[in-house]
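Colleague: Each chain, written out:
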Amino acid sequence: MARPYDTISFLSDYGTGDEFVGVVHSVVRSIAPHATVVDITHGVAPHDVRAGALTLVRACQYMVPGVVLAVVDPGVGTERRGVAVEVGEGASVLVGPDNGLLAPTVAMTGGAGRCISLIDDKYHLESAGATFAGRDILGPVAAHLCNGVDMAEFGEPIDPVSLLPGVVPLSQTDEKTGAIRAEVLWVDRFGNAQLNVGPEDVAAWDERISVKWSDQTRTAKRTNNYADLGHGQLGLVLDSYGLLALAFDRRPAADELHLRPGDGVMLSEATA
Amino acid sequence: MARPYDTISFLSDYGTGDEFVGVVHSVVRSIAPHATVVDITHGVAPHDVRAGALTLVRACQYMVPGVVLAVVDPGVGTERRGVAVEVGEGASVLVGPDNGLLAPTVAMTGGAGRCISLIDDKYHLESAGATFAGRDILGPVAAHLCNGVDMAEFGEPIDPVSLLPGVVPLSQTDEKTGAIRAEVLWVDRFGNAQLNVGPEDVAAWDERISVKWSDQTRTAKRTNNYADLGHGQLGLVLDSYGLLALAFDRRPAADELHLRPGDGVMLSEATA
Amino acid sequence: MARPYDTISFLSDYGTGDEFVGVVHSVVRSIAPHATVVDITHGVAPHDVRAGALTLVRACQYMVPGVVLAVVDPGVGTERRGVAVEVGEGASVLVGPDNGLLAPTVAMTGGAGRCISLIDDKYHLESAGATFAGRDILGPVAAHLCNGVDMAEFGEPIDPVSLLPGVVPLSQTDEKTGAIRAEVLWVDRFGNAQLNVGPEDVAAWDERISVKWSDQTRTAKRTNNYADLGHGQLGLVLDSYGLLALAFDRRPAADELHLRPGDGVMLSEATA
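Protein chains in written order, with our numbering: chain A, 1 to 272; chain B, 1 to 272; chain C, 1 to 272.
If we strip away everything but chain A, and leave its shape as in the complex, we get:
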């Protein structure tokens, strides 16, 4: 058998305080010792499928082609399907629960090729309980893919259109006022609050932009780096993914502005 894949990019909400991640690594290494596991992150908030999907789609363009193992799986042990989804004409295979977690990445990488529902337990680990699919089903499937086992062996083909869609919220422009109704997609470790707004959306505006959320209104400066901001000056910084993020210089904006992922934010041209 060929060994088409030698890298497993692994994302989950398992955290690293317990042994979950280490056990999956161990299972993978037992099955496919030649494979390297790259941990994308295991810090997705517990059960937060939306955050996991957004993290995966941000990272996917940088991942090594190969197997992507993604597990944020509150429905583990129920009838929700485990799936393997081919993308990039077979360059990569995404393995995870069919709960929307994979969907934005499938779309971003050109759409699904073959899809398999992982119902054949031949390649699964026997387990004492059904709540750790990363160890018993998804991890072993990822490892056997690296050993050259064909996707078709893991279960039955399913129609890509039957995959649960993911939701990537789009911003909306008010046709009357030109204001943009945006949303916080992500708050990173540094407290920067990424919005679903790109620089092209505000290209026609002045450098100073009015930002409203909850009962607050502030003026932010559009810029390309944090250090360009004065002390306490709010910025709309072009972040490393090409989106605008509410940020301060060396201080956590989301904490200080009480913004969390999913919160609505209204942007408009600052009046003089």
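No wet-lab data here; the hints were simulated from the structure.
Beta carbons are placed, not taken as given, at the ideal position from N, Cα and C, and that holds for glycine.
Careful: at least some of the hints might be erroneous.
Claimed, not checked - Where chain B lies over chain C, by a calculated footprint (3+ residues, C-beta under 8 angstroms):
#	region
1	58-70
2	224-230
As the list claims (entries may be wrong) - Here are the simulated distance ranges between beta carbons:
#	chain 1	residue 1	chain 2	residue 2	range
3	B	ARG260	A	GLY90	47 to 53 angstroms
4	A	VAL161	B	VAL168	46 to 52 angstroms
5	A	ASP206	C	GLU79	22 to 28 angstroms
6	B	VAL168	C	LYS176	56 to 62 angstroms
7	A	GLY230	C	GLU156	27 to 33 angstroms
8	C	ASP6	B	THR219	58 to 64 angstroms
9	A	GLY88	C	PRO160	41 to 47 angstroms
Once you've looked at the hints, dock chains B and C against the given chain A.
Modeller: This is chains B and C only, laid out in the frame that chain A set:
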């Protein structure tokens, strides 16, 4: 020399906020570049030998055969021994402090073969202070084992019965009432509180089980997955290690019920 | 081309809750699949260049020779330079921002050899924004170094004396009283507060040492391990880097004494 081992499974209470884990990885790679270190977890609570021992014994059945390096070591630098313990007829060697951390895993993997007290400093790193045995003694020994150095070279043989025993608390059944006096073994990232009770212990009971702790009494539903529970319904879910865990669907039961590892819990048949 | 380096030791303030570290690993593996990345730590406090520099210099003596990738970079995207600095006569190359982060390690490893300002974008990743140099500039440079690309290809030579110096605070002895004005360098996971004082500095003193900070005064016992301390007894423990650390046995001294990195502490001989 043969190279019998190429994997070091590494567990500690070092955390990942400091450089402790990275330094041990560096030391191992300097000595045995061919070895792969699999991090089981470094999130064991500081100095919590009991939690470390329970984490190791949960993970051990999934670990790749080879060297297991385990460090939760409040007595570092004192007369407590560092030991290497052969298990599985030489399939693996456990390396760590002789403080009970390794004991449940030794028992689970069939008992100790050869045991060595790591008193020969020939393979140790010289160090400026005695408080980082993972870097100076245990890590180097693990690495040299991967290079084919025989256990006997690291010190003097000791009798396995002299190893400090570990304590895995067993639940007790009240002969009169049939109630089970259990204990919380582990609270995981998701807030599930694993008990030292298996499904066989409550097999004769109804699906509804009475749970008492502190001054609280609740009724829990026995089930195989979280999503089977209604909103706010307490479950006794068969977890991935085959034990029952107090859990809610997508909410942290231990937080909400104020349960921590070591807390006592009484289970009995729910009265109608 | 030769492949002089096969290890990248990686330190940052990225944390592991987001995908930053995983994306850098992915980028490195895409460019230099043969290289192994050893994570020293990513838990440096956000933007804390001093803490990052001290962590790196503690770890550097244990690192595998090769490439060191260090990123604590509040000035990312500004005119601050990215640099590559050869040390140990080419045994290693440090890659990071020129903001003092690398300086103590350069000094500790014998001083800088060739230095390059990373201005040539030939080996950089194209990026949507300028705030993630670890992914777009520093990580790719580290990976290409492992592929045998010569430093000179990454930009233009700079004079080592132009590198921003780092600050490692030295303790001071009061000539009149003999007291030592020290500083907390580091608080580790266990709450031990490392001081910039070595055992030789207090060798002439009694085992009991007076410790003053803020408005507090305590007497500490000088010792070589934590377990030697009685319950609640403060220690000045010789730590694993050869410095004295304020510590209790199995309790976090820094928390209980309200000490943080940078705080001043005065040591003197305890009066009878």
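Colleague: Hint by hint, say whether it matches the structure.
Modeller: How the hints compare with the structure:
1. 58-70: holds (count 5)
2. 224-230: holds (count 5)
3. B:ARG260 <-> A:GLY90: 47 to 53 angstroms: Hint holds: Cβ distance 49 angstroms, inside 47 to 53 angstroms.
4. A:VAL161 <-> B:VAL168: 46 to 52 angstroms: holds (50 angstroms)
5. A:ASP206 <-> C:GLU79: 22 to 28 angstroms: holds (25 angstroms)
6. B:VAL168 <-> C:LYS176: 56 to 62 angstroms: With a Cβ separation near 60 angstroms, B:VAL168 and C:LYS176 satisfy 56 to 62 angstroms, so the hint holds.
7. A:GLY230 <-> C:GLU156: 27 to 33 angstroms: About 32 angstroms separates the Cβ atoms of A:GLY230 and C:GLU156, which means 27 to 33 angstroms holds.
8. C:ASP6 <-> B:THR219: 58 to 64 angstroms: holds (59 angstroms)
9. A:GLY88 <-> C:PRO160: 41 to 47 angstroms: holds (45 angstroms)
In this structure, none of the earlier numbered hints is contradicted; all agree with it.
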